[in-house]
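Starting from the known structure of chain A, fit chain B onto it as the hints suggest.
Top to bottom, those sequences are chains A and B.
Per numbering that gives the first Met the number 0, the first sequence starts with residue 0, numbered consecutively.
Per numbering that gives the first Met the number 0, the second sequence starts with residue 0, numbered consecutively.
If you are wondering where the hints come from, they were derived from the structure by calculation, not from laboratory data.
Since the model is a prediction, treat every value here as computed from it, not as a measurement.
Possibly wrong hints are sitting among the right ones.
The list makes no distinction among identical chains, and a pair is therefore deemed to hold if it is satisfied within one copy or across any two copies.
[Unchecked claim] Below, simulated SDA-like cross-link-like pairs (lysine to any residue); rule was C-alpha separation at most 25 Å, straight line:
1) Lys355 <-> Thr226
2) Lys234 <-> Asp349
3) Lys385 <-> Glu325
4) Lys56 <-> Thr383
5) Lys21 <-> Asn284
6) Lys216 <-> Gly330
7) Lys33 <-> Thr65
8) Lys180 <-> Asn334
9) Lys85 <-> Asp363
10) Lys104 <-> Asp363
11) Lys33 <-> Glu325
12) Lys390 <-> Gly76
13) Lys21 <-> Asn251
2 protein chains.
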Amino acid sequence: MVGIAILGYGVVGSGVYEVIRKNSDGITRRAGTKIDIKHILDIREFNSHPEKELFTKNYDDILTDTDVSVVVEVMGGVNPAYEFTKRALMAKKSVVTSNKELVAKHGCELLKLASENRVHYLFEASVGGGIPIIRPLKLCLAANEISEITGILNGTTNYILTQMINKDETMENALKKAQDKGYAEKNPSADIDGIDAVRKIAILTSLAFGKYVDSTKIPVTGIRNVTLTDVEYAKKSGCVIKLCGHCRALENGKLDVYVSPCFVPDESPLASVDGVFNAILVKGNAVGDALFYGRGAGKLPTASAVVSDVIEIAKSGENTDSPVWEDVGGGILENSENSVSKHFARVKADDKESVKAEIEKIFDGAQIIDAEDGEIGFVTDEMTAKDFENKLNELNKDIISTFLVLS
Amino acid sequence: MVGIAILGYGVVGSGVYEVIRKNSDGITRRAGTKIDIKHILDIREFNSHPEKELFTKNYDDILTDTDVSVVVEVMGGVNPAYEFTKRALMAKKSVVTSNKELVAKHGCELLKLASENRVHYLFEASVGGGIPIIRPLKLCLAANEISEITGILNGTTNYILTQMINKDETMENALKKAQDKGYAEKNPSADIDGIDAVRKIAILTSLAFGKYVDSTKIPVTGIRNVTLTDVEYAKKSGCVIKLCGHCRALENGKLDVYVSPCFVPDESPLASVDGVFNAILVKGNAVGDALFYGRGAGKLPTASAVVSDVIEIAKSGENTDSPVWEDVGGGILENSENSVSKHFARVKADDKESVKAEIEKIFDGAQIIDAEDGEIGFVTDEMTAKDFENKLNELNKDIISTFLVLS
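This is chain A alone, in the form it adopts within the complex (with noise of 0.2 Å):
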């Protein structure tokens, strides 16, 4: 018998509740043991609820009863979680969460402070909903040196940007369709401008380079400035636009991370990951490329990721090692504009001819791609983001947009 506590009864928590009601038995089956819901902590009332008696306002109650093993913390959010999670691992509780921003802001202390109590912190559901991407990094890939990761990390931005590339519609009725479907909050800043990619880039990073990476740091840009005819362009230059986490290994040791909208070629396995699903493509020196793909949010999605940690912990009897991310500061990241990638840009061409001519001079290598009048668009062999800004300059035209473009 392995007690549980489920902090927030919001959709995560109550998804916790029905999926731990509703498969039961093949759960004991799994998990070797018998999973108790013994409180469900939310300041609202429940009064009709047909277990109203789990619920309390009151954390202590969760904190004293050492029939709680393990506190599921989906609340969302830094406050109160964070005080909360600390309390439970001090008091020697495990704590399985889906709370990104926690994870990404707090994981490095919290996975310490887990690891001297000799219990568990996971977050399986924290990146990628309901895929399996944490435990594969942690255990699958564990043979495996981790070069390179990119993710399509946001389902909110994905439908958006698939609505523009299959359904020709413009961003702003896009990101209204998504809203109506319940998709994108009233205010959709966080998935659009990349907050939220940039936390599960951050958490990604840092557990397969076991350095802690500060989500805050890396260079995000999000897709409000995306349109239809940057949409065009991509199509002609056989790619797709998505907004991708990517974060790779240098040869100086330093980690190269950002959020970005970013030409992906027809061929890569993330260029068909269509409307709200998410896709994790992690490249290995031994295992290859590797992709996991799913719905990355959702009720129950998350909640199946939120109970497969709860039922590791229960199968895991005294066994409790934790990743560990070392802190190694701020400068574990590469400056930014030494990025090596391809690169697409729009420029302002009233004569296009001669504008060619000085983009072949200029970009050597450089293809160019003619979808409009008045401009001309082009995709840069590889070169750091330096060197495109420089050559840019040199080129001396109206930039009306650029984009990296994976290879």
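The following block gives chain B in isolation, referenced to the frame of chain A:
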């Protein structure tokens, strides 16, 4: 320190050696202990190997070495791998394998033997090469009731079909190309007749449903008879032809399991899995669709999966719970004539208009595909294999080919 012995120094065995040597630091860090290769068993001489002192031809050297706690069986085939595995488990040594033939044939017994001796029998590498799929099914999706699994489980046949789809190569030429590239054996039967794929779907089915499924009882159709005209019909109906292994839980408690070339709709995430890549799509009642994609074979990808199992054993300490495959006999498989699916058929039709009318009368709701002279193709609604056969008999035309159509 975990001492291991490698049985068989072929492609996979030498890959395991290479991965452990190359990624030694990271593996030690993630396993929490050093993985030490104590012996390599092979009947051949390796006198010029830099660590030739590791080689032995005598299995007793390994069984009697108390420093060896994990035996890595990567010999392939049933004999002597079966005997060697049993002797290792009875000597209380854990066994890790990539041997799908052995797991499919004797997995039930070997898991039981491992459990009785409180050691592990792990086989991540037996399905999907380097793709993490066995551990995700056991752990990450443990909160779910799995309803179905569909996989592209054989890279050789997927390479051949991709050549036919994308390069208009005939089956014969595509097979020759696969042989030239080393993807297919001189005698390609195990791949193209579906023998390899059926072992893998048997293992996945047993694991997902906890009930042992005998791979020799699963209906299997290979790709030998797939033609470029079939490929063309698939395209016209918005599909691609893939060799799929499929299992599904039925309401009557039985399992519908098969391997067959299928029409896979373009919008399925399996449709874009090309070349030698494999992918496995799992449907769970909480997670929805989850897809795992990567290299299904090859020296280092397979070694990556083998070594991840060794690391799991190193981390697990005394904790040795094995999955249990209940042996419920052959009755667990539903009779294939009750299998429900959409179907595609090509029939001879000298007088197309009258045959179309007959098809539309007999197969209410069928989608007609007119692609070739003197014949008609059509896709039916969902029906049992038996109903499909009865209706084809009623239509009473010469049948050129039939395929299952995935929904």
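- prompt: So which of the earlier hints does this model not fit?
  reply: 3, 4, 8, 9, 10, 12
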